[in-house]
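Sequence lines, in order, name chains W and E. The first sequence runs 7 to 189 under the working numbering. The second sequence runs 724 to 914 under the working numbering.
For the record, the hints were derived by calculation from the structure and aren't laboratory data. Source: prediction; values computed, not measured. Backbone N, C-alpha and C define an ideal beta-carbon position, used for all residues, glycine too. Careful, some of the hints might be misleading.
Computed, partial: chain E to chain W, Cβ under 10 Å [what the hints assert, rightly or not]:
| # | residue |
| --- | --- |
| 1 | A744 |
| 2 | T750 |
| 3 | F755 |
| 4 | S757 |
| 5 | S771 |
| 6 | Y777 |
| 7 | R784 |
| 8 | G791 |
| 9 | Y826 |
| 10 | L882 |
| 11 | V886 |
| 12 | D891 |
| 13 | P893 |
| 14 | A897 |
Straight-line distance between alpha carbons at most 25 Å, and here's what the computed DMTMM-like set of lysine to aspartate or glutamate pairs gives [what the hints assert, rightly or not]:
| # | chain 1 | residue 1 | chain 2 | residue 2 |
| --- | --- | --- | --- | --- |
| 15 | W | K122 | E | D891 |
| 16 | E | K768 | W | E151 |
| 17 | E | K768 | E | D891 |
| 18 | W | K37 | E | D851 |
| 19 | W | K88 | E | D851 |
| 20 | W | K88 | W | E151 |
| 21 | W | K37 | E | D773 |
| 22 | E | K912 | E | D804 |
| 23 | W | K122 | E | D773 |
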Amino acid sequence: MIRVLLWILAAVLLGGIVHLSTVLAMPQAAKQDAYSRLVPLTPVNALVQLTAPTTGNAIIPFMDPAFAQAVCRYDLSSGSLKLIAPVSQAYTSVTFYTRKSVAYYAINDRAAGRRKIELDLMTPEQHAEVPEEEDVTAADRLIIESPSTMGLIMLRALAPEPGLMPMARGALAGATCGIQPVQ
Amino acid sequence: MRLLFGSCFTFLIAAVLGLGATWFTLTRGVAFGSLSVGAWTAWPKSGSVDIDPYARASIARSGELPTGMGDGVAFYAHTDDQGSNFDGRCTFTISGMTPAARYWTVTLYDPQGRLVANTIDRHGFTSDEIVRDSDGHFSITVAPLARAGNWLPTGGIELFVLVWRLYDTPIGVATRTTKEGPMPAIARKGC
Numbered sequence: 007m008i009r010v011l012l013w014i015l016a017a018v019l020l021g022g023i024v025h026l027s028t029v030l031a032m033p034q035a036a037k038q039d040a041y042s043r044l045v046p047l048t049p050v051n052a053l054v055q056l057t058a059p060t061t062g063n064a065i066i067p068f069m070d071p072a073f074a075q076a077v078c079r080y081d082l083s084s085g086s087l088k089l090i091a092p093v094s095q096a097y098t099s100v101t102f103y104t105r106k107s108v109a110y111y112a113i114n115d116r117a118a119g120r121r122k123i124e125l126d127l128m129t130p131e132q133h134a135e136v137p138e139e140e141d142v143t144a145a146d147r148l149i150i151e152s153p154s155t156m157g158l159i160m161l162r163a164l165a166p167e168p169g170l171m172p173m174a175r176g177a178l179a180g181a182t183c184g185i186q187p188v189q
Numbered sequence: 724m725r726l727l728f729g730s731c732f733t734f735l736i737a738a739v740l741g742l743g744a745t746w747f748t749l750t751r752g753v754a755f756g757s758l759s760v761g762a763w764t765a766w767p768k769s770g771s772v773d774i775d776p777y778a779r780a781s782i783a784r785s786g787e788l789p790t791g792m793g794d795g796v797a798f799y800a801h802t803d804d805q806g807s808n809f810d811g812r813c814t815f816t817i818s819g820m821t822p823a824a825r826y827w828t829v830t831l832y833d834p835q836g837r838l839v840a841n842t843i844d845r846h847g848f849t850s851d852e853i854v855r856d857s858d859g860h861f862s863i864t865v866a867p868l869a870r871a872g873n874w875l876p877t878g879g880i881e882l883f884v885l886v887w888r889l890y891d892t893p894i895g896v897a898t899r900t901t902k903e904g905p906m907p908a909i910a911r912k913g914c
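Working from the sequences, and respecting the hints, build out all of it.
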C-alpha cells in the first residue's frame, strides 16, 4: 500500500515538473504567435497598415476593430530605429512588443505631448554607444530600449465613429519607421 | 518487474497530469494578478514586462497582442453577472457606469477572437458613437434580432465574448476596489 502511494506521489511531483516546463517552453515552441503571423504580411523595418479585421478572419485575434492599425516589424541588428507618427484627431497610441509578444512599452499621444510621436528604439548596447552630450541636448528625444533585437511596433489610431476610419488611416499613412543612418 | 511496472505507471500518470494541467490552464486563460469587477476581468499586468508565465504561454499560443499598460486596459466577459454563459441566441443588456477613460470601446467576438458576421456590419461601440439618454446613461442590447437603440448583434452564434477596452485610463495594476472601476452590469433578458 505504502509502495503504491509512493509511486503516486512521485507521479504527481513529476507531473508538476512536466506542467511547469511545458508552460515555460510554450513561448519558444509556439508557431502561431503574433510575430510569426505577421512575417508573411510585413517587411522588416518598415511600417505597413494592417487590413481591418473582417468577420471570421483576424490576422491577430481580439484586435479592436474601432482602430486603424499599422505594424513595424523590426530587427535592430543593423542599427537603431526611428519611429515618427503624426497624432490623429482622436486617440493614437504606440505599443512595443518583443519577439515573444510581451508589451514592454506603450505610450499614447497625450503622454507624448506633441503634434507627433517621435521615438528612437535601440538595443541596450546601442543606447550605451549614444554620446552622452547628445543624450542631454536632445532632452525631449524619447529613447526606448528594446529587450530583444527583433519585435513589433503597433501603431493604433482610433476612429471614434466608423465614418472617421479614413481619417484614422490617413493619420497612420503619414507615419514612418526605419533604420537610422549611422551618424 | 515490479519496478518496471511502477515506473511506467508513474511516467504515464505524470505525463497525463502535467500535459493536462498545461492544456487546461492555457485554454482557460489562467493568469495571475487579475482585476475582476462584476462579470468583467482584466489582467493589467499582461500588458507589461511583469506578465506572468501563464499569460505569456497563453498569448504565444493564441497569437494575441495584449493591450499595453500605457495604452489602456481590456476587460473580458464570458458570462453575465449571474454567471450564465453568453449564448448568442439569448438577449442580454449592458448598462450602468464606466470607469474614467478618455475613450472606451466594447466589441463582440467569437471565443477564438474573430468578429461575428451580421446584417448591419456592427461589431461594437465606441464611447463617442453610443446613443445616451438625456442624463448621459446608456444601455446596450446584445441580441440576435434587431432592437431599438444600441443594438449589438450576436449573429446567433453559440458562444460569444465581450471585451470592454478603456484607453488612457487610471485603471490598472494599482486598482483594487470596484468603486474606482465601476463596470457596466450585464443581465440576461430571455432567450
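The hints, checked one at a time:
{"no.": "1", "hint": "A744", "verdict": "4 Å, holds"}
{"no.": "2", "hint": "T750", "verdict": "12 Å, violated"}
{"no.": "3", "hint": "F755", "verdict": "12 Å, violated"}
{"no.": "4", "hint": "S757", "verdict": "16 Å, violated"}
{"no.": "5", "hint": "S771", "verdict": "6 Å, holds"}
{"no.": "6", "hint": "Y777", "verdict": "6 Å, holds"}
{"no.": "7", "hint": "R784", "verdict": "6 Å, holds"}
{"no.": "8", "hint": "G791", "verdict": "3 Å, holds"}
{"no.": "9", "hint": "Y826", "verdict": "5 Å, holds"}
{"no.": "10", "hint": "L882", "verdict": "15 Å, violated"}
{"no.": "11", "hint": "V886", "verdict": "6 Å, holds"}
{"no.": "12", "hint": "D891", "verdict": "5 Å, holds"}
{"no.": "13", "hint": "P893", "verdict": "13 Å, violated"}
{"no.": "14", "hint": "A897", "verdict": "16 Å, violated"}
{"no.": "15", "hint": "W:K122 x E:D891", "verdict": "17 Å, holds"}
{"no.": "16", "hint": "E:K768 x W:E151", "verdict": "19 Å, holds"}
{"no.": "17", "hint": "E:K768 x E:D891", "verdict": "16 Å, holds"}
{"no.": "18", "hint": "W:K37 x E:D851", "verdict": "38 Å, violated"}
{"no.": "19", "hint": "W:K88 x E:D851", "verdict": "33 Å, violated"}
{"no.": "20", "hint": "W:K88 x W:E151", "verdict": "12 Å, holds"}
{"no.": "21", "hint": "W:K37 x E:D773", "verdict": "23 Å, holds"}
{"no.": "22", "hint": "E:K912 x E:D804", "verdict": "12 Å, holds"}
{"no.": "23", "hint": "W:K122 x E:D773", "verdict": "29 Å, violated"}
The structure fails to meet hints 2, 3, 4, 10, 13, 14, 18, 19 and 23 from the earlier list, while all remaining hints are met.
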